[in-house]
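Asks: Spelled out from the first residue to the last, the chains are:
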Amino acid sequence: MNVTRGFSGRPRVHNPGLPPGQYDARDDWPVLSAEVTPDLSPADWTFRIDGLVEEPRTWDWATAHELPASVHEGDIHCVTGWSKFGVRFAGVSLDAFWERVRPLPSATHVVAYAHTGYTTNLPLADLRDGRAWIAWEYDGRPLPAEHGGPARLLVPHLYFWKSAKWIAGLRLLDHDEPGFWERNGYHARGNPWAEQRYSGD
Amino acid sequence: MTEAFTPPTRFAVPGRIAVGAGTGNQWQTATLTGIRRETPRAASFRLAVPGWAGHLPGQHLMLQLSAPDGYTAQRHYSLASAPDDSGHIELTLDRVDGGEVSGWFHSEARPGDRVDVRGPVSGFFAWPGDRAALLIGAGSGVVPLMSMVRHHRARGLSVPLRLLVSARSPAELIYAREYGAETTPVFTRSGPPGAPVGRMTAAHLAPLLDDGPPGGWEAYVCGSNAFAEHASRLLVAAGQPVDRIRIERFG
Ligand SMILES: Cc1cc2nc3c(=O)[nH]c(=O)nc-3n(C[C@H](O)[C@H](O)[C@H](O)COP(=O)(O)OP(=O)(O)OC[C@H]3O[C@@H](n4cnc5c(N)ncnc54)[C@H](O)[C@@H]3O)c2cc1C
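As they're listed, the protein sequences go chains A and B. Going by the UniProt record's numbering, 115 is the number at position 115 of the first sequence; the sequence numbering is gapless. Going by the UniProt record's numbering, 88 is the number at position 88 of the second sequence; the sequence numbering is gapless.
Honestly, I wouldn't trust all of these hints.
Covered stretches of chain B, going by a simulated chain A footprint (3 or more residues, C-beta under 8 angstroms) [unchecked claim]:
| hint | region |
| --- | --- |
| 1 | 120 to 129 |
| 2 | 148 to 156 |
| 3 | 208 to 214 |
| 4 | 236 to 246 |
Covered stretches of chain B (chain A as the covering partner; in silico rule of three or more C-beta atoms under 8 angstroms from a C-beta of chain A) [claimed, not checked]:
| hint | region |
| --- | --- |
| 5 | 49 to 61 |
| 6 | 97 to 108 |
Simulated from the structure, these hints should not be mistaken for laboratory data. Predicted model only: the values in this text are computed from it and were never measured. Heads up, the beta-carbon is just placed ideally off N, CA and C, and yes, glycines get one too.
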């Protein structure tokens, strides 16, 4: 690492909530998706869980909303460098879905896939025990399409490319299978606190 | 349970475009060797990176500035240069008001300064020069597209390539002197005498899509999120298949 001549950075207060290499985006919420934002209405939205589960199932907008509501308030971190503090999402905890499909003991990994065809992989453990949601509201309003509405996966403790927008389903596997960005050089897990940005980190 | 998921809306999930394996994961020292003003708000920075593994036009890198107290700031920047600019790369930065990194480049940087770079990153937006490409950019979003144009020229490629670039005014058009017949500029606030002024519309795209090459275009859209949304929706409305639109959003 080179000290950059004449660079002191912005005046800053130490923020223990900010993972290494991240900055506070404050009111900004940049949009970073590789695909065209789909016109997907709640009526056309479905969410399926299959693969290594006892009972594969598909929910639509109405049946997903019958599950117990859950609100998540916390921070999000994007691999491009911004973090956003104290954001509020509403939806359903994935635990409510797990109770209904019952993952098999052999299931270790998940491929999350979107209605656009986007995919991303996650260890199953990262999606259990109150750490992941299907979210359809942001700050009390329907989630905007460019941020993944009508519904997205929300896994706030990992870099945000794991929180697949326009979520269509989760497939449980007994091995890890890289998704879209992971095949393009990004990290398999993406823990912001360990700066797992690119494969090899 | 292994049947493949077929998305209701299509989105090509193109395989990784093979990029020379190797140093992309490691930080390397880059030495600034030249600065060229492009517009009042944008300048190009030439960097010597002896260990640069090469890149494909359209890729970007991660750049890091480090303060004496150990604080670092990292940002992504698209590569502006063609791949085979031996041992050198070029970036073009817009000056962002209050910007930490672009501010340093525009007010402090001088030849001989050293910064850290890591990359190239992401093969998705890359264009290896193998397919007819319709490039649409605005502001500094033209940077990765210019790498493609330069590559096309340097290699004397014959595959069709067109660039539609939007800028507020002729004075703010980055790389204005370098464009040729492949480029159509669109001015949103003020233009040359007699030229129409306004946002990019379906009318700008129609002639390009109507006279597309036999296999159609691969579209590459780059700029702010607002521009990327606007341009990609215009493309879809004009009939460009969703799975042949790649988007790079600067945030
Ligand atoms: C894939 C990709 C490629 C890119 N390629 C290019 C390129 O080729 N050329 C280019 O010019 N840009 C490019 N960008 C954008 C670039 O990464 C930076 O976002 C841009 O240069 C601004 O960074 P900065 O450090 O100058 O500004 P920042 O310091 O990040 O500031 C951005 C804005 O936020 C405000 N702000 C943020 N934090 C604070 C704070 N703590 N206090 C006060 N204000 C704050 C600033 O006032 C400013 O308005 C690219 C982005 C991506 C994702």
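Asks: Would you say the region 148 to 156 of chain B counts as covered by chain A, given the rule of at least 3 residues with C-beta under 8 angstroms?
Replies: Check failed, 0 qualifying residues.
Asks: Closer than 8 angstroms, Cβ to Cβ, for at least three residues: run that test on the region 49 to 61 of chain B against chain A and report holds or violated.
Replies: Violated: only 0 residues of the region 49 to 61 of chain B have a Cβ under 8 angstroms from chain A.
Asks: Counting residues of the region 208 to 214 of chain B that have a beta-carbon nearer than 8 angstroms to any beta-carbon of chain A, does the count reach 3?
Replies: violated (count 0)
Asks: Checking C-beta pairs, does the region 236 to 246 of chain B have three or more residues closer than 8 angstroms to chain A?
Replies: It holds, with 5 qualifying residues against the three required.
Asks: Counting residues of the region 120 to 129 of chain B whose CB is closer than 8 angstroms to a CB in chain A, do you get three or more?
Replies: Coverage by chain A holds here, the residue count being 5 at a Cβ distance below 8 angstroms.
Asks: Check whether three or more residues of the region 97 to 108 of chain B sit with their beta carbon closer than 8 angstroms to a beta carbon of chain A.
Replies: holds (count 3)
Figure legend: structure checked against the earlier numbered hints; hints not met, in rising order: 2, 3, 5.
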